[in-house]
Amino acid sequence: MFKKKSLALVLMIALVLSLTGCDYEIRKKTDSSGMYDKEVEDKVEEINAYIDIYYYFETDEETQEEAVYDGIMAGLDDPYSVYYTAEEYADLMEESSGEYVGIGAVVTQGENKAVTIVRPVPGSPAEEIGLMAEDIVVQVGDVEVTDQDLQSIVDMIRGDEGTKIYIKIYRPSANEYMEFDVTRRKVENVTVYSEMLEDNIGYIQVQQFYDNTDEEFITAVKDMQSKNVKGIIVDVRDNPGGLLTSVVNMCDFIMDEGPILTTKDKNGKIIQKYDSTDKESLDIPMVVLVNGNSASASEIFAGALKDTGKAELVGTTTFGKGIVQSVLPLSDGTAIKLTVAKYFTPAGHDIHEVGVEPDYIVELPDGKGSAVNIERENDTQLDKAIDIIYQMN
Numbered sequence: 000m001f002k003k004k005s006l007a008l009v010l011m012i013a014l015v016l017s018l019t020g021c022d023y024e025i026r027k028k029t030d031s032s033g034m035y036d037k038e039v040e041d042k043v044e045e046i047n048a049y050i051d052i053y054y055y056f057e058t059d060e061e062t063q064e065e066a067v068y069d070g071i072m073a074g075l076d077d078p079y080s081v082y083y084t085a086e087e088y089a090d091l092m093e094e095s096s097g098e099y100v101g102i103g104a105v106v107t108q109g110e111n112k113a114v115t116i117v118r119p120v121p122g123s124p125a126e127e128i129g130l131m132a133e134d135i136v137v138q139v140g141d142v143e144v145t146d147q148d149l150q151s152i153v154d155m156i157r158g159d160e161g162t163k164i165y166i167k168i169y170r171p172s173a174n175e176y177m178e179f180d181v182t183r184r185k186v187e188n189v190t191v192y193s194e195m196l197e198d199n200i201g202y203i204q205v206q207q208f209y210d211n212t213d214e215e216f217i218t219a220v221k222d223m224q225s226k227n228v229k230g231i232i233v234d235v236r237d238n239p240g241g242l243l244t245s246v247v248n249m250c251d252f253i254m255d256e257g258p259i260l261t262t263k264d265k266n267g268k269i270i271q272k273y274d275s276t277d278k279e280s281l282d283i284p285m286v287v288l289v290n291g292n293s294a295s296a297s298e299i300f301a302g303a304l305k306d307t308g309k310a311e312l313v314g315t316t317t318f319g320k321g322i323v324q325s326v327l328p329l330s331d332g333t334a335i336k337l338t339v340a341k342y343f344t345p346a347g348h349d350i351h352e353v354g355v356e357p358d359y360i361v362e363l364p365d366g367k368g369s370a371v372n373i374e375r376e377n378d379t380q381l382d383k384a385i386d387i388i389y390q391m392n
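The sequence shown lines up with residues 0 to 392 when you count with the numbering used here.
Rather than coming from a laboratory, the hints here were simulated on the basis of the structure.
It should be emphasised that the depicted structure is a prediction, and the values quoted were computed from it without experimental measurement.
Ideal placement from N, C-alpha and C gives every residue a C-beta, glycine not left out.
Be a bit skeptical, because a hint or two may be false.
Unchecked claim - Mimicking PhoX-like on lysine-lysine, the simulated pairs with C-alpha atoms at most 25 Å apart in a straight line are: (1) 309 - 265; (2) 383 - 263; (3) 272 - 309; (4) 265 - 336; (5) 341 - 265; (6) 278 - 229; (7) 336 - 383; (8) 383 - 229; (9) 226 - 341; (10) 336 - 112; (11) 367 - 383; (12) 226 - 278; (13) 309 - 226; (14) 268 - 226; (15) 167 - 263; (16) 336 - 272; (17) 185 - 167; (18) 163 - 268; (19) 112 - 367; (20) 221 - 278; (21) 309 - 278; (22) 185 - 163; (23) 229 - 309; (24) 341 - 272; (25) 112 - 341; (26) 42 - 112; (27) 221 - 309; (28) 367 - 167.
To be verified - Restraint-style ranges between C-beta atoms, simulated for each label pair: (29) 330 - 78: 21 to 27 Å; (30) 364 - 185: 35 to 41 Å; (31) 332 - 39: 22 to 28 Å; (32) 175 - 195: 19 to 25 Å; (33) 224 - 266: 21 to 27 Å; (34) 86 - 272: 32 to 38 Å; (35) 63 - 163: 43 to 49 Å; (36) 218 - 128: 30 to 36 Å; (37) 38 - 308: 31 to 37 Å.
Full structure from sequences and hints, please.
In structure tokens, the structure reads:
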């Protein structure tokens with residue numbers, strides 16, 4: 000049974016955390032009458048009394064307590080602020096490193112709670128069974144997930160290697176529901192793909208920003224430079240974001256000395272300024288491909304290069320996630336992810352719910368919103384980027 004003292008601990012705990020160079024005191028949330036503490040505590044006690052007397056089934060104390068923490072975060076009405084159990088927190092750390100056990104589908108969640116597949120990872124179970132970009136996940140196992148938060152759905156999909164999971168999706172392009180039984184296995188996070196196109200034009204696709212993405216990207220660029228590349232196209236279409244440190248390192252490698260982004264708290268106070276150093280910079284024609292699925296770290300990358308004139312942008316307006324989340328570990332091994340700031344581009348633009356507009360707006364054929372399944376010969380956005388590289392030379 001959930002104990003009153005557990006709620007009191009959550010509501011009244013006070014601690015000081017160091018967050019991106021600034022101290023934040025986390026205090027109990029209360030108004031002048033103290034309603035939050037007393038009334039909530041009394042109400043929980045009353046509910047539990049009824050449960051003790053009338054509830055037919057057995058209760059699980061740990062499950063009820065976890066639900067309280069989930070509820071506190073859900074009450075913020077922010078899909079990006081969530082609570083992680085110890086297991087979920089460990090999975091999160093695993094995902095941002097090298098590999099994880101799952102089906103290999105990159106997903107994103109819009110404000111309507113719909114969880115959409117951005118892309119299947121090459122060579123993954125998701126690709127092998129035929130999952131596609133823009134598929135909408137509607138059921139995992141025996142749970143309908145249309146009103147679940149993203150992390151909960153990801154946790155349901157993941158599991159032990161070799162086990163199976165039932166997934167039901169809706170495919171808008173075919174106007175039909177499809178069902179799959181997928182076997183989980185280890186999926187490697189390879190985030191950078193590169194190749195040389197005709198006439199020594201380099202193409203680099205960055206699928207997500209993990210802790211090794213910046214190194215992979217820099218290696219790819221230097222390899223192209225050794226081959227006398229005429230210009231580079233960086234493709235962050237359908238890239239949902241990732242680690243801030245990785246994208247900052249990539250911008251630092253490309254940009255001249257100056258601002259990359261600034262983060263500000265809810266009072267407009269600057270939390271952190273990220274600047275490019277004068278150690279390295281690229282003096283080479285560059286185009287960045289973006290679309291409506293380019294979010295968060297992808298928008299930091301695109302916005303910084305656009306504002307500083309280091310690249311031209313081609314495609315469609317980006318997703319518009321200009322807010323910053325920090326993962327804050329708690330004392331018992333769990334954690335919360337909390338929206339703590341907005342970020343602003345070098346020119347001071349607030350792109351949240353607005354996005355970054357390309358210099359050249361180019362749609363894909365047949366109104367396609369994703370570039371994942373587009374054939375090279377039909378990729379009008381890539382064609383435009385190649386034309387711009389020619390013009391820059």
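Now for the hints, and whether the structure bears them out:
With a C-alpha separation of about 30 Å, the suggested pairing of residue 309 with residue 265 is violated against the 25 Å cut-off. For a cut-off of 25 Å, the pair hint linking residue 383 to residue 263 is broken: about 35 Å separates their Cα positions. For the hint pairing residue 272 with residue 309, the CA-to-CA distance comes to about 19 Å; that is within 25 Å, so the pair holds. Simply put, residue 265 and residue 336 have alpha-carbon atoms about 16 Å apart, close enough for the 25 Å limit, and the pair holds.
At most 25 Å may separate the alpha-carbon atoms for a hinted pair to count; residue 341 and residue 265 meet this at roughly 8 Å. For the suggested pair residue 278 and residue 229, the alpha carbons sit about 22 Å apart, so the restraint of at most 25 Å is met. Straight-line distance between C-alpha atoms of residue 336 and residue 383 comes to about 39 Å, which puts the hinted pair past the 25 Å bound. The hinted pair formed by residue 383 and residue 229 meets the criterion: a straight-line CA distance of about 16 Å does not exceed 25 Å.
The suggested pairing of residue 226 with residue 341 is violated, with an alpha-carbon distance near 40 Å, which exceeds 25 Å. Proposed proximity of residue 336 and residue 112 is supported: the alpha carbons are some 17 Å apart, at most 25 Å. For the proposed pair residue 367 and residue 383, the alpha carbon gap of about 16 Å is at most 25 Å, so the pair holds. Taking the CA atoms of residue 226 and residue 278, the gap is near 22 Å; set against the 25 Å cutoff, the hint holds.
Distance restraint check for residue 309 and residue 226: the Cα-Cα separation of roughly 21 Å lies within the 25 Å cut-off, and the hinted pair is therefore satisfied. Using a Cα cut-off of 25 Å, the hinted pair residue 268 and residue 226 is violated, with the two alpha carbons roughly 46 Å apart. A threshold of 25 Å between alpha carbons decides the hint, and for residue 167 with residue 263 the separation of about 40 Å lies outside it, so the pair is violated. For the proposed pair residue 336 and residue 272, the alpha carbon gap of about 21 Å is at most 25 Å, so the pair holds.
Of the pairs offered as hints, the one joining residue 185 and residue 167 holds, with about 21 Å between alpha carbons and a cut-off of 25 Å not exceeded. Between residue 163 and residue 268, the direct Cα distance comes to roughly 48 Å. Violation of the 25 Å bound is thereby established for this hinted pair. A C-alpha spacing of about 21 Å is found between residue 112 and residue 367, which places the hinted pair at or below 25 Å, so the restraint holds. Taken as a hint, the residue 221 and residue 278 pair is honoured in the structure, with Cα atoms around 15 Å apart against an allowance of 25 Å.
With a CA separation close to 16 Å, the supplied pair residue 309 and residue 278 stays within the 25 Å bound. Distance check on the hinted pair: residue 185 and residue 163 sit about 13 Å apart at the alpha-carbon level, within 25 Å; holds. For the hint pairing residue 229 with residue 309, the CA-to-CA distance comes to about 15 Å; that is within 25 Å, so the pair holds. Distance check on the hinted pair: residue 341 and residue 272 sit about 12 Å apart at the alpha-carbon level, within 25 Å; holds.
Restraint check for residue 112 and residue 341: satisfied, since their Cα atoms lie roughly 21 Å apart, inside the 25 Å limit. In summary, the hint linking residue 42 to residue 112 is not supported, as the alpha carbons are separated by about 29 Å, beyond the 25 Å threshold. Taken as a hint, the residue 221 and residue 309 pair is honoured in the structure, with Cα atoms around 17 Å apart against an allowance of 25 Å. For the hint pairing residue 367 with residue 167, the CA-to-CA distance comes to about 22 Å; that is within 25 Å, so the pair holds.
At about 26 Å, the CB distance of residue 330 to residue 78 agrees with the hint of 21 to 27 Å. Distance hint for residue 364 and residue 185: a CB-CB separation of about 36 Å, consistent with the stated range 35 to 41 Å. For residue 332 paired with residue 39, a C-beta distance near 25 Å keeps the hint of 22 to 28 Å intact. Our hint of 19 to 25 Å for residue 175 and residue 195 is violated, since their Cβ atoms are close to 40 Å apart.
For residue 224 and residue 266, the hinted distance range of 21 to 27 Å is not satisfied, since their beta carbons lie about 44 Å from each other. The beta-carbon spacing between residue 86 and residue 272, approximately 36 Å, falls within the hinted interval of 32 to 38 Å. Distance hint check: the CB atoms of residue 63 and residue 163 are about 29 Å apart, inconsistent with the given range 43 to 49 Å. In this structure the hint that residue 218 and residue 128 lie 30 to 36 Å apart at CB holds, the actual value being about 32 Å.
Restraint check, residue 38 to residue 308: a C-beta distance of roughly 56 Å breaks the suggested window 31 to 37 Å.
Going down the numbered hints, you'll see the structure goes against 1, 2, 7, 9, 14, 15, 18, 26, 32, 33, 35, 37, while the others check out.
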